[in-house]
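Here the protein sequences come in this chain order: X and E. Position 19 of the first sequence, counting from 1, maps to 19 under the numbering used here, and the rest follow consecutively. Position 114 of the second sequence, counting from 1, maps to 180 under the numbering used here, and the rest follow consecutively.
In case anyone wonders, no lab produced these hints; they're calculated from the structure. By construction, the Cβ of each residue, glycine as well, lies at the ideal position given by its N, Cα and C atoms.
Simulated crosslink set (DSS-like; lysine-lysine; CA at most 30 Å straight-line):
# : chain 1 : residue 1 : chain 2 : residue 2
1 : X       : K4        : E       : K206
2 : E       : K440      : X       : K51
3 : E       : K471      : X       : K51
Derived DEER-like restraints, expressed as beta-carbon distance ranges:
#  : chain 1 : residue 1 : chain 2 : residue 2 : range
4  : X       : T22       : E       : N118      : 50 to 56 Å
5  : X       : P42       : E       : N118      : 56 to 62 Å
6  : E       : K298      : X       : E40       : 52 to 58 Å
7  : E       : K487      : X       : G36       : 51 to 57 Å
8  : E       : R119      : X       : K25       : 47 to 53 Å
9  : X       : G36       : E       : K440      : 33 to 39 Å
10 : X       : T22       : E       : G158      : 48 to 54 Å
11 : X       : T22       : E       : H369      : 31 to 37 Å
12 : X       : D27       : E       : K149      : 41 to 47 Å
13 : E       : K414      : X       : G44       : 47 to 53 Å
14 : X       : D6        : E       : P432      : 21 to 27 Å
15 : X       : T22       : E       : N235      : 31 to 37 Å
16 : X       : V18       : E       : G158      : 36 to 42 Å
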Amino acid sequence: MQVKIDAVLCSGHGRCAVLAPTVYKLDDNGYNADRGKTLEVPAGQEAAARKGAKLCPERAITLIEG
Amino acid sequence: MDYRASTKQLIVFSIDLYRDRGSDMIEPENHREPESPDPDEIRRKHGEEMRNRFGRDMFNDFDIDDPRFGDNLFPILDEMLEKCPVARSHVGSGYWVVSRNADVRRIGQDWRTFSSAKGYQPNRPAGLPYLMPEESDPPKHTAWRDVLNPHLSPRAVAKYDAQIRADANTLIDRFIDRGECEFISEFGAKLPGWAFFKNVLGVPVDDLDQLVQGVHNGTFAPREERPAHFGKVFEYLGNYLTFRRDQPPRGDLVDTIAAGVEYEPGVLCPWEDRVSILVDLTFGGIATTTYVMAASLHYLATHPGVREALVDDPGSMDRAVEEFVRVFPPVVALGRTCTREVEVAGTKMKQGDFVLLNYAASSRDPRVVQEPTKIDITRESVLHSAFGVGVHRCIGSNLARLELKATFEEWLKRIPDFAVKGGTGPTYETGILRVMKQLHLVF
Ligand code: HEM
Ligand code: SF4
Chain X
1 MQVKIDAVLC SGHGRCAVLA PTVYKLDDNG YNADRGKTLE VPAGQEAAAR KGAKLCPERA
61 ITLIEG
Chain E
67 MDYRASTKQL IVFSIDLYRD RGSDMIEPEN HREPESPDPD EIRRKHGEEM RNRFGRDMFN
127 DFDIDDPRFG DNLFPILDEM LEKCPVARSH VGSGYWVVSR NADVRRIGQD WRTFSSAKGY
187 QPNRPAGLPY LMPEESDPPK HTAWRDVLNP HLSPRAVAKY DAQIRADANT LIDRFIDRGE
247 CEFISEFGAK LPGWAFFKNV LGVPVDDLDQ LVQGVHNGTF APREERPAHF GKVFEYLGNY
307 LTFRRDQPPR GDLVDTIAAG VEYEPGVLCP WEDRVSILVD LTFGGIATTT YVMAASLHYL
367 ATHPGVREAL VDDPGSMDRA VEEFVRVFPP VVALGRTCTR EVEVAGTKMK QGDFVLLNYA
427 ASSRDPRVVQ EPTKIDITRE SVLHSAFGVG VHRCIGSNLA RLELKATFEE WLKRIPDFAV
487 KGGTGPTYET GILRVMKQLH LVF
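Chain E with its partners taken away, still in its complex shape:
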């Protein structure tokens, strides 16, 4: 195909999209940014306004761990999308925050320029072991994803559906007669762990609470304490991997990890990397889905009309799941390190600069989602970046979707009518991840 022909086809393509007004998505091609002046100028101009409104200038002096960010998460994300495509933080060695969908996508897809090998969090605590595949680049990353993907594809996880539903019911049985529950500790923090441990790892669930705690503290404890918490998780899972290496193979994901991959022909990866893979998967498996479950149930508890609509039309569940993941993102932002000088949305970044991909913001960018601040479970189509973009796309996304669908369906079957307990409300903790700490429901 010659160049002119393909340009013509592209033009046809965008005209076509322009006509398709009924869709929930707007193509960036149709959206014109106002002429943007110097990005430093924009940040300066709106800084004062941010300080007055949120108590901190989130454009020029951002801090992802500042509670004022978590407390005003969505309004701040929307301000960033509108006015500040690249925000600046001076915490520690400093970092950038990129929010718009097209910019996030570009960075996520360009792993050569934006590397994961130096970690996913800004000011990474010293002494924290690297998590793979998350904190690696191709070709090592590719070698791992190639062998791991088949265990977590839509087809592979579909066979866990019945077990996950049975587990959801077992958990509900424990509190349904009481007429109330604390959702996080009694369900939300349990089911994802059970789903992952029982079906994927084949480990008993007795030690789950301890691991969930380790991962939580490894993420939210004061920076210098984080390595010790993660260290315990490494130790536990390292022991399990050694145990399984010496057992007859079961042909599962753990065997695949224990066998390792070759980084170069004939060069097998070190043992620590295999433990790291197991830790990263467990981390992802237990630290994220809980928030979507809890935030969605909180939303349904406070929006009876939407809840009834879901009960009446179970066919709408897939769309609802996708919309909930979009509007309740457990992964707020993860980062990359620039391998060379590069410009993003007018801002020059130097080699070695750290940049956060604001996934939570880019899923509510009005340039790609119509009325993005509205929660609408009937959206015919939902585009979001809650599972990331590029080669690090969440490997657990198919399992997470299955767990969410099973949870909402089984919950609504058993407990179609529920509310937030009087005098209580949800509490959150926010950093690069967002979690809900407590949710008291009555039914």
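The following block holds chain X by itself, in its conformation from the complex:
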């Protein structure tokens, strides 16, 4: 599974990193550290990745099922 973080939509609510710290990290400004990138979700962390995506108030995270 992969997750794509939209560079424009992410506006730094930081919920993803609180709810799924194993998948999402924040940068020093409090925005998703991987804005604009597509990440490989570590094995076993799929549920966390989904939760972070669903709870992003901006819907900035897209799940790409492998």
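With chain X held as given, fit chain E with the ligands onto it using these hints.
Frame of chain X, contents of chain E with the ligands only:
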């Protein structure tokens, strides 16, 4: 990735969500609206019903400053969500009110079509200086947020935790032996100001009450008096910024503001904009968090079972904070101005029309939150828009969460058992913001 592949993935994504019934959130994709007829027709149809129930037709003749709105806030928001995605106001030059989560999100994220540069309140009083970054658009807005964000990120505010907790205890010390307190004046209106002044601005807290009053009157006084009240806040903070500009730098947020930003290469912003930034941050810092603290403590005072559950399981505090922010929104609605003709939920808006984003409603939209009218601090996941959506997302959200968590934890440690004083009840004032004016607690 080609288009077909991504469509397929999206389908997989929504099927997956559909299966995930255990979650607290419903995806809009799974929710079918009944076929919606003409929005004017809907507003007309339910107008009479609203007038009978609330004394005013909140769909066709809305007024955010009408006390009947504040007195029936949550029932009216829920009616709007169900029946009226876009309400109309004829107050002054008129405005729209958009309530559903998906519509609010779309508007908040589209700053090109829905501009903040003409202000956040409908019928903005003449003579009120503009507040930045709130009342600005990119690229000016971006230039400011880029330099301000690092000072208010989760990592940056975490270092204020110990001080905020110490301050919470200092305030509690002042009344705990008395066995009662008036929560707003003795705690709720103090702690957010202390947290912001001491840690972020580095100013003494002696003048806090005066600033809190200025901000309150600047928001709730009769429209024509508001500029004068805000004027005093501008003057005070302008003096502080000038003072700090001439002092050796401390490397803090105030230095960053005093240094200013470039709006174009080589063009530094005017001094007034820097004062405006400081005012906006102070405004946000002292005018909002108090309500969440007070409304949550009132809820805990009247729901002993929930209070005991929180005392027994401190690990549930983060979720509780998020749920309290969702159900007790201090920012009811803030607005944008349409830069072109646009349609929202079937309603056509013209260039120049003012539209309120009903954040308080969109956090209780059944299309995204299950059983949204229920207050449930054990919700595994809480989606809300209480801190806004889009580029203007509350810059103080991380600090606010920290203050709320510290308050509830320290309060419950010292005062695990408390109730509302007999014969009293909370009083509110509601407009674009909601505040609690008084809350008498006994313990
Ligand atoms: C529970 C407490 C709070 C709530 C619910 C809240 C809510 C909001 C909302 C909804 C917005 C979005 C405005 C828009 O869409 O136009 C906002 C913006 C803002 N808030 Fe807060 N706020 C809170 C606490 C704070 C604190 C503690 C500060 C200061 C440290 C603050 C400073 C600001 C500023 C400066 C903006 C404007 C940001 C921009 O335009 O880019 N807020 N807040
Ligand atoms: S929750 Fe969404 S908006 Fe917030 S930091 Fe994560 S990706 Fe960005």
